[in-house]
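Under numbering that gives the first Met the number 0, the first residue of the sequence shown is numbered 0, with each subsequent residue one higher.
Quick caveat, the hints were computed from the structure, so don't treat them as lab data. Backbone N, C-alpha and C define an ideal beta-carbon position, used for all residues, glycine too. Where hints are given, some of them may not hold.
[To be verified] Taking lysine to aspartate or glutamate and the EDC-like style, the derived pairs with C-alpha atoms no more than 20 Å apart in a straight line are:
id, residue 1, residue 2
1, Lys311, Glu585
2, Lys872, Asp822
3, Lys422, Asp338
4, Lys325, Asp424
5, Lys766, Asp671
6, Lys311, Asp151
7, Lys332, Asp424
8, Lys643, Asp694
9, Lys506, Asp530
10, Lys509, Asp297
11, Lys422, Glu354
12, Lys509, Glu585
13, Lys766, Asp674
14, Lys788, Asp822
15, Lys525, Asp492
16, Lys422, Asp497
[To be verified] Restraint-style ranges between C-beta atoms, simulated for each label pair:
id, residue 1, residue 2, range
17, Ala755, Glu524, 23 to 29 Å
18, Lys232, Leu473, 32 to 38 Å
19, Gly352, Pro519, 50 to 56 Å
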Amino acid sequence: MKKLLLLMIGLMLGFSASAQTVVTGTVLDEADQPLIGATVIVAGTTQGTSSDLNGTFRLTVKEGSKIEVSFLNYKTVSFDVKQGARQNLGVIRMEPDAITMEDIVVTQSVAVQRKTPVAVSVVSAQDIEFKLGGQEFPEVLKSTPGVYVTKDGGGYGDSKINMRGFQSANVAVMINGVPVNDMEWGGVYWSNWAGLSDVTRSMQTQRGMGASKVSAPSVGGTINIVTNSIDAKKGGTFSYGIGNDGANTISMSLSTGLTKSGWAMSVLFAKRWGDGYIQGAGYEGYNWFVNVSKRINDRHQLSLTAFGSPQKHNQRKPLYAGLSIKEWDKVAKWMGEDDKYRYNAVYGFDNNGKERTSMENGYHKPQISLNHQWQINYKSALSTALYMSIGRGYGFSGQGRTSAYRSMWNGSNNGVLRYDFRKPDGTFDYGAIQDMNAASTTGSNMVMSKSKNNHMWYGLLSTYTNELTPSLELSAGVDVRYYIGGHTNEIIDLYGGDYFIDDGDRKNVKAINNAAAADPNWQYEKLGVGDIVYRDYDGHVHQEGVFAQLEWTKKKFNAFVSGSLSNTGYWRVDRFYYDEAHQKSETINFLGFTAKGGVNWNFTKKSNVFLNVGYISRAPFFSGGAFLQSTTSHMTNPDAVNEKVFSVEAGYGLRGEKLSLNLNAYYTLWMDKADVRSKLMANGDYARVNLTGIDARHMGIELDLRYRPARWVNLTGMVSIGDWIWNSNAKGYYYDSQGQPMTSKLDGTVASGIMAEDHAWIELHQKGIHVAGSAQTTAAIGADFYPLKGLRVSADWNLYARNYADFFLGSTAIVNSAATVNDPWRIPMGHQFDLSASYSFKIGNVNATLYGNVNNVFNYQHIMDARCATDAKGWEDCYAVMYSFGRTYTVRLKLRF
Numbered sequence: 000m001k002k003l004l005l006l007m008i009g010l011m012l013g014f015s016a017s018a019q020t021v022v023t024g025t026v027l028d029e030a031d032q033p034l035i036g037a038t039v040i041v042a043g044t045t046q047g048t049s050s051d052l053n054g055t056f057r058l059t060v061k062e063g064s065k066i067e068v069s070f071l072n073y074k075t076v077s078f079d080v081k082q083g084a085r086q087n088l089g090v091i092r093m094e095p096d097a098i099t100m101e102d103i104v105v106t107q108s109v110a111v112q113r114k115t116p117v118a119v120s121v122v123s124a125q126d127i128e129f130k131l132g133g134q135e136f137p138e139v140l141k142s143t144p145g146v147y148v149t150k151d152g153g154g155y156g157d158s159k160i161n162m163r164g165f166q167s168a169n170v171a172v173m174i175n176g177v178p179v180n181d182m183e184w185g186g187v188y189w190s191n192w193a194g195l196s197d198v199t200r201s202m203q204t205q206r207g208m209g210a211s212k213v214s215a216p217s218v219g220g221t222i223n224i225v226t227n228s229i230d231a232k233k234g235g236t237f238s239y240g241i242g243n244d245g246a247n248t249i250s251m252s253l254s255t256g257l258t259k260s261g262w263a264m265s266v267l268f269a270k271r272w273g274d275g276y277i278q279g280a281g282y283e284g285y286n287w288f289v290n291v292s293k294r295i296n297d298r299h300q301l302s303l304t305a306f307g308s309p310q311k312h313n314q315r316k317p318l319y320a321g322l323s324i325k326e327w328d329k330v331a332k333w334m335g336e337d338d339k340y341r342y343n344a345v346y347g348f349d350n351n352g353k354e355r356t357s358m359e360n361g362y363h364k365p366q367i368s369l370n371h372q373w374q375i376n377y378k379s380a381l382s383t384a385l386y387m388s389i390g391r392g393y394g395f396s397g398q399g400r401t402s403a404y405r406s407m408w409n410g411s412n413n414g415v416l417r418y419d420f421r422k423p424d425g426t427f428d429y430g431a432i433q434d435m436n437a438a439s440t441t442g443s444n445m446v447m448s449k450s451k452n453n454h455m456w457y458g459l460l461s462t463y464t465n466e467l468t469p470s471l472e473l474s475a476g477v478d479v480r481y482y483i484g485g486h487t488n489e490i491i492d493l494y495g496g497d498y499f500i501d502d503g504d505r506k507n508v509k510a511i512n513n514a515a516a517a518d519p520n521w522q523y524e525k526l527g528v529g530d531i532v533y534r535d536y537d538g539h540v541h542q543e544g545v546f547a548q549l550e551w552t553k554k555k556f557n558a559f560v561s562g563s564l565s566n567t568g569y570w571r572v573d574r575f576y577y578d579e580a581h582q583k584s585e586t587i588n589f590l591g592f593t594a595k596g597g598v599n600w601n602f603t604k605k606s607n608v609f610l611n612v613g614y615i616s617r618a619p620f621f622s623g624g625a626f627l628q629s630t631t632s633h634m635t636n637p638d639a640v641n642e643k644v645f646s647v648e649a650g651y652g653l654r655g656e657k658l659s660l661n662l663n664a665y666y667t668l669w670m671d672k673a674d675v676r677s678k679l680m681a682n683g684d685y686a687r688v689n690l691t692g693i694d695a696r697h698m699g700i701e702l703d704l705r706y707r708p709a710r711w712v713n714l715t716g717m718v719s720i721g722d723w724i725w726n727s728n729a730k731g732y733y734y735d736s737q738g739q740p741m742t743s744k745l746d747g748t749v750a751s752g753i754m755a756e757d758h759a760w761i762e763l764h765q766k767g768i769h770v771a772g773s774a775q776t777t778a779a780i781g782a783d784f785y786p787l788k789g790l791r792v793s794a795d796w797n798l799y800a801r802n803y804a805d806f807f808l809g810s811t812a813i814v815n816s817a818a819t820v821n822d823p824w825r826i827p828m829g830h831q832f833d834l835s836a837s838y839s840f841k842i843g844n845v846n847a848t849l850y851g852n853v854n855n856v857f858n859y860q861h862i863m864d865a866r867c868a869t870d871a872k873g874w875e876d877c878y879a880v881m882y883s884f885g886r887t888y889t890v891r892l893k894l895r896f
């Protein structure tokens, strides 16, 4: 009996052993990036594991079991375990789950690959943390097709991003579904969001019109940034990093995770400081983030999010401190050959040896939003976001008794270094300004002011979704915004003088608009620190819009049609050029609309094609569009009309186990655009020409791919070829740097009125020349290696070609006549090679990761931006030439607990 029992036990053990199967696989997201920490469990049990840094997992289960793979905000997938000792599930590509309690406002503008018919790229939080290093936040997108990112002058947060040749004002940036582009001129100051990388959960770019459902969409593309919310895991982090030029970063975060009572809270604080790569471009920046969420029940969820990035940094503006190629070579005598491109023409010292600059910027733009998600029933939901933004900050603005004195604050003119106040060592001599002002018997000739820009922005964005039928879904909503931006210039330093007389500006104030101008003594009033000069006005913008979309899904097909209607209103309140009786301008309104449609066909399990087409009629901007000179005058632009955009795009996608790729082509017509050009006047000041009625044509082809030949290596590639040209001529009128209309003399003499007979004008023949400011050919190759457990090494190479210099008005651009614009100088090809590495390990019970980044490994510096005269023949006629940074590095340790 005993032997029989032992035999039965042995047979059972043998059967049990033979019935065990080792299941392996690799979990990837929709961008083919590893999903770290994906849960893999045996259905109905607690037995399971999670995916590692490579997205791979290994789990031993019984034959006949079912395993489930899940990850927050992705659809759960399940697999039956087949008979056999081993089963490799291969690549498990997770799909985002659109039917979760995730806030619709946050995700409504996020595209889903193989479903949404747009060109889309995604950068995960892991890649941002791994590759960003000491780069600017937008630079993490530099390997995205159609995207061109530069550091501009090189100051902290001063980077700019173009998409498909469209500048910042035409690239929509949304944070948690809320638009953040400036309401007056449309652009984005990335210094306001420099710390956002610390809390970004995902960053998606949609090129072209995109899938965003707000009432005022973009032209060039959309950047959707989603921050941490209720999904944040319980725990905390601490990190500290160092880098070149005294760079330091410190960050701390803590999250409760989702508690049993339905509450979740996440907080983060970070600080960055350093000397800056550019001479005298020191910076100090902070980042704070708070999210409190409450899952009230299965139908309701509230989420309160607040974040901001206060900062102060010194700048090097290309227009006023950039140099020509010849001038950059000359400054090597001060900086050395290796560091000449770090030179800052406005960096210097005063008589007390204190560091000074005429280009300082400080700003804090916190955003607070309250999101409510209501799952009405299993078919419909309503998501609403109330938000506000509070902007407070400034930029230095040098003032002078005359335009000639005012221009002396510049470090250069048309790329030539100014020597008005230049020390033998090349630094700017601010002490000489102090001496000049102290010796003056009529007050300071030059003073420094803070150009203050404070705003309040309120908005409501609400979206209703309803599954009308199993195949048809309706989305509709409202988008309401109100913005008031206060703009003043306040004297902060008399630079050794006793007072300042602002007659250079006050003489342009007309008594018919401001009764104070009737008193001749008012023009020569003695002003001191705290007094207002140059400007004092508020810009008001309100926008009300509605939008709707119908989306049809049937097996392999997905199609949508969408539209929006919006009204945008502008007015000014001016307290400098107008008295109380006249300070409010008329309100001007522009009605805009969008119409878009597209279709996607998944004709195999791995391949899809898509087509989209759209038309936009968008209100002109407050600045440089609706008002002829928004800084100084109520006069509206009689030629201001809506900008129109027509776009069509087609693409192909492949999703294989090893190879994934996207190929798309686009054609965009941009009509009735407004633009601004500059011309150096005889007195050293710059005149501006406000142009209207400009057309452009942007078309191109884009390819990006990802190849995973083995579990331990991942290869990426990208090629983008554009053909962007101006498609019409343009006419405009001259204004000086203070916004006053100029006469044909261009010597500082003010015309009798805006668009009066003596107001100088010019017609530019620019049809057919290339659009500047963005490389029309870009390419990238990358390789990620996972040679050891916890170790990741990455190499990335980027190429920039067919980048054309922007143009300014040269000597042949004669006033009150037509001028032919030569095709701008084609900037030489540039490239950059970067290395990144990380190693994850344990310190006791704490998870630690050591990060290292070296950007521009070979220290190859290339030209990224330049400006050339309209009659330029080549690089000799170009100025404001800005080079890429040389080699930079960062090292950072992060602890997770």
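Regarding the pair lysine 325 and aspartate 424, is the alpha-carbon distance no greater than 20 Å?
-> Given pair lysine 325, aspartate 424 holds - Cα atoms ~18 Å apart, limit 20 Å.
Within a Cα-Cα threshold of 20 Å, do lysine 525 and aspartate 492 meet the stated pairing?
-> holds (14 Å)
For the pair supplied as a hint, lysine 311 and aspartate 151, is the alpha-carbon distance within the 20 Å limit?
-> holds (17 Å)
Just tell me: holds or violated, for the beta carbon distance of alanine 755 and glutamate 524 against 23 to 29 Å?
-> holds (28 Å)
When you check the alpha-carbon spacing of lysine 872 and aspartate 822, does it fall within 20 Å?
-> holds (9 Å)
Is the hinted pair lysine 311 and glutamate 585 satisfied, with a Cα-Cα distance of at most 20 Å?
-> violated (36 Å)
Would you mind confirming whether the straight-line C-alpha gap from lysine 422 to aspartate 497 stays at or under 20 Å?
-> violated (25 Å)
Satisfaction of hint between aspartate 297 and lysine 509, Cα-Cα up to 20 Å = violated (64 Å)
Is lysine 332 within 20 Å of aspartate 424, Cα to Cα?
-> holds (9 Å)
Holds or violated: lysine 506 to aspartate 530, with C-alpha atoms at most 20 Å apart = Since the Cα atoms of lysine 506 and aspartate 530 sit roughly 17 Å apart, the hinted pair holds (cutoff 20 Å).
For the pair supplied as a hint, lysine 422 and glutamate 354, is the alpha-carbon distance within the 20 Å limit?
-> holds (14 Å)
Given the proposed pairing of lysine 422 with aspartate 338, does the C-alpha separation stay at or below 20 Å?
-> Answer holds: lysine 422 to aspartate 338 is near 19 Å, not above 20 Å.
When the structure is compared with the earlier hints, violations turn up for hints 1, 10, 14, 16 and 19 and for no others.
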